[in-house]
Each structure stands twice: as structure tokens, then as C-alpha cells.
Amino acid sequence: MPIMTYNSLFFVLFFTVLLIVYLIMPVRILKQIVILIGNFYFYKYAGGLNCMSVLIASTILIYGCSLWMERIYAGFEREAEGLSRKEQVPLLNSYKKKTKRVLFLGVFILLGVLIYVKVGKLLHFEEVARIRELSFKKIMIPLGLSYYTFSSIGYLADVYWRKAKPEHNFLTLLTCTTFFPTIVQGPIGRYDRLVQQFRELPKFSYERVCHGLQRMWWGFFKKSVIADRITPVTTAMFADVFSYAGVEMVLAVIGNVIAIYMDFSGCMDIVIGAAEALGVTLDENFRQPFFAKSAAEFWRRWHITLGTWFKDYVYMPIAMNPRFMKMTGNARKRFGARFGKVFSAAIPLMIVWILTGLWHGTGKDYLLWGFYWGVLIIIETAFDKELKAIPKKLHMRTETFGYALLQMIRTFIFFAIGRMITAVGVGRSVFLIFGQIFREKRLYTLFDGSLYSHGLDEKNFHVVLIGLAVVWLVDILSARFDVRKKIDEQPLVFRWVLYLALVMSVVIFGIYGKAYDAKAFVYGGF
Amino acid sequence: MKEKILEILSETYPEIDFESSDELVDDGTLDSLTVVGIISALSSEFDVELPYEEIIPENFNSVDAMAEVFEKYM
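Residue numbers (my numbering), protein chains in the order written: chain A, 858 to 1383; chain B, 223 to 296.
In short, the hints are calculated from the structure, not lab data.
A few of these clues could be false.
Keeping only pairs whose Cα atoms sit at most 30 Å apart, straight-line, the calculated DSS-like set for lysine-lysine is [said to hold, decoys possible]:
1. A/K957 x A/K901
2. A/K975 x A/K1168
3. A/K1221 x A/K1249
4. A/K1020 x B/K224
5. A/K1150 x B/K226
6. A/K1190 x B/K224
7. A/K1250 x A/K1168
8. B/K226 x A/K1242
9. B/K226 x A/K1183
10. A/K957 x B/K294
Using the sequences plus the hints, can you model the full thing?
Here it is in C-alpha cells:
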């Protein structure tokens, strides 16, 4: 049974000890070793050492494949000397054919394991924790599998495209693939960039450590004060849709959307802050997503690293494929420029979104979820001009705050409907919830006190509202300037009162403890 | 070369001012959809097949950068 989660006391103690030992290490290599040992220790208590063998095996695989590809390309470098760029192209293509086999081998194995586990989950294969107990109908679910599989595929593809140089030091690569802040639920990092950072681990900086710790506590606040108050209530409500009034279901959907944002972005604050304190900069995964004015913009602000991964390794390779380009060229000639443009965007976008759905889960509900977002984003991109013309026809002033707010509310509704598709766990989930909302409105439940009888009493409800107001304020400020730098400029007393208030609010209002079982982060399950 | 590229791009994407910045991709003026369209238009115009590794933001941040990368393969 895993006991280490990012918001557990165990993790706080583990990280404190690790940070102190790390900071007193005099040289870079010792710092890196401390991190590697920390990674193993973390994984042992978060996912189990048995599952770690899968992670180590996949690291050996990408290490071997990347060096193999580098060796093949070395032949090209020798032959290409003295040739013009244009002459190099066919030569490079012939070498690429050879390296492609290695790439395919690596990707095939990595994806094979991921698909086996995902399909196994869908078919309810028996779950085991040990490799020797594995059989066809038994699966092991290694912690963070879908995250490190994606990073690994990206690494191999970058080496194949010669965008990244493979790492020759196995232990450095292993430090990256097992890096404890990213292993459970991302951000889906690029190993080549992470490797570079481990090679140049910086010296102690008070500012960086302080900023990292601030960000970690901010994450604890979002997760334990807000998300963990709401999630158990909405989960219970979705499990029993017909027992609640329509208006209560609306609140449950809104609450669930807020909770998942607080849960996931809170986790990202914890892990990005932890890495920052260690001197490693991770990619951001959120940029105030609910301030987005369209579905496409939302996905450039929500789970950014997943979107970037799909753009770089699925969307672009399909869109740039010479055969596909030829197809779109033909479509353009035959049916006009407009059709060609829509076709060239729609096909790769739909593939990306179906795969994004399947990445989140293998049920019909997730397939529908992917399709839903795909259609929304294709409509937005293909009919951009027409959509922009609507407010003009309605004589709406698009430059006002009111209009921007309307767009943000629309984004929230788009996301909420998306959540409803997967909330209950069956294909017709969204119809069940919508049905209940419209059939059993019962508005009076808002005022007769029954709202507070579903697991969140009046006091806790107010804690959530105040917490949300604080997060909203910080989000607004963060969109304008670096909040932590601004705090640095304040007088010492003010700063420490603020730090203390943050820590104490988590200690006093946070939901934690042994009896509480909803602690695990929602995105850890993917 | 630069003039030719500018001419093609202005025709295909009249709503975008390609000379407004040197960070067209980084500052969000060009999204991935538009970059794909640009590559498709320029590749067929100059009869060049751009290797995938050249498709990085730096090569599409300005018309100068685009001219440079396409010239390499002509």
C-alpha cells in the first residue's frame, strides 16, 4: 500500500531531510547522487520497488536505443562531409530509414507496456505488485507509467529527429527518468533539457530555496484546504446522481471542476516548487486556465506539457508528413482552399484528441470526451472568421471586460460539460447528469439547509469560498507580475507574517491524516 | 528570397503582419496550425522538402529565419 503522496507528512519529512543533505553536499556529483537516492526512496514508498523495475527497464531501453541511433547517425556525419545541404538530404533520408527501425523498436515496447496496462485496467485484469506473479490476465500498474512513457517516447523521437543529443551517462539519465517531483503526474518533461540541468546543478541560493518552499506550501494550500474538502463530496454525489436535486448537481459539477483544478495545479505547485528548491526548473503545467477565452486557448493553459507533447509528437508529424501534405494539397485543388485548410487541421486534431481521451482513460466515456474536445477545437479553428463575426452582428463590444468575462464563463462551461462526460464513469454519464439537472431542479434546496447535509457543512463551505477567493486573487496578480518577487520586496515582518499565515492555514484548515483516504491526487491515476 | 516569402505569406495569411516581430512563434502570433500552413505553402512554392528537425520555433520566428532555412535546402 503506497504511503508517500506529495501532500503527506511523510513527504514533507522526506523532502526536508533530502533538501538539507542536498544543500550541504559540496560538489555537483554528490548532489546528483543524493537526488538519485531520494528518487529511489520516494518511489519505494510511493509506488513500490517492484514497480520500479519497469521504470529502470524502460530507462535501459531508451538509453540503448538512443545510443544506437547516435551510432547510425555518426555514419551519416562521416559521409556527409563536403556535401552541400541539398546533397545531404537524400543521404540523411537513407540513414533515417535505418534509425527509424530503432525508434520504432523502442516506441513499440514502451507503448506496448502502456497499452497492456491500460487495456488490462479496462478488462479488470487482476492487479499484482510483483513481476514474478505476472501472467496474461494479471497486470502491474507502475506509478507514473503514462507520464514517463510519454517523456521516453519524446526523448527517442528527439534523438531520431536529431533535435536532442543522447545522454551517455546512464546514471544521469536514470536521475531524470526517476526524478521524484515529476514521476507521479508530470509535468511531462523533456529528458534532454533535464539532463542538461543535472549536469549543471547550481550552487545554493537563498532566494531559490525560499521561492521553491513558498510554492510548495501554496500547493499544499490548494490541495488540502480546497480540493480535499470538495472532492469526496462531489465524488459521492456523482456516484448517486438520482438522489440529488438538479440545482445541487449543478453545484456538484462546478465544485468538481474547481476541485480538479485545485488538485492538479496544487500538485504542480508542490512538485515544481520542490524541484526549484533543488535548483531544477521544470516546465509549467498551468497558466490561469479559466482566464482562457476559447477552448483552444484553454488547452494551451491547462496541462500544458501534455498538450505540447501531443503537438510535437503527434500533431506536427502527421501534419508535416509528405503524404498527408500531398493529400491536403489534392483536397485543396479539388474542393477549394477553404476545404483544404479545414481538412489539413481537422484530421490531425481529431487524432490528437481521440488519443488524449484514451490517455486519460480507456472507457467509452473518455473516447467521447476526446471526440467532444476535438470537435470543439476543430469548429473553433475552422470557423474562426464566422465565429468572430457573430458578436459584431449582435453589436456586442468585444473589447470590454464584460465580453471577456462571458468568454471565460463559456470556457468554464465547455470544461464542465467535458467533466460531466467522464464524471460518473459510464458512456452516458453526461446525459444522466443533464437529465437530473433539468428534471429535478428543486431550487428550494439552496435555501432549506439541505445543501449543507451532503458532507460539506456551512463552516467548511465558507472555508472553501474564502480559499477560492484567495487563489483567484493570486491568479489575477500572477497574470500581471511575479508574485513571489513582489513578496521579496516587502519588509521582513510582513513577509514572515505571510509565510506563517500560509503554513498555519494549511495546518489548521488542511484536510489530512490517516483516516482520510481521498488524499491521492486525481491525475496520479493516469 | 525574403520578398518572395513575404509575398506568398501575405497572400495566404493577409490578417497576419509578418514583419511585426522577430518572435512570431514565441510570442504566439503564429500557432502550430499556421506554421504547418506556412511550411506547406513555401515547400510547394520552392519545391523543397524540409526535414522535420528543422521545424523548430527559431526557424519560423521571422521571415528572415524562414528564408534562411529554406535557402539551405534549395
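Violations among the numbered hints: 1, 3, 5 and 7
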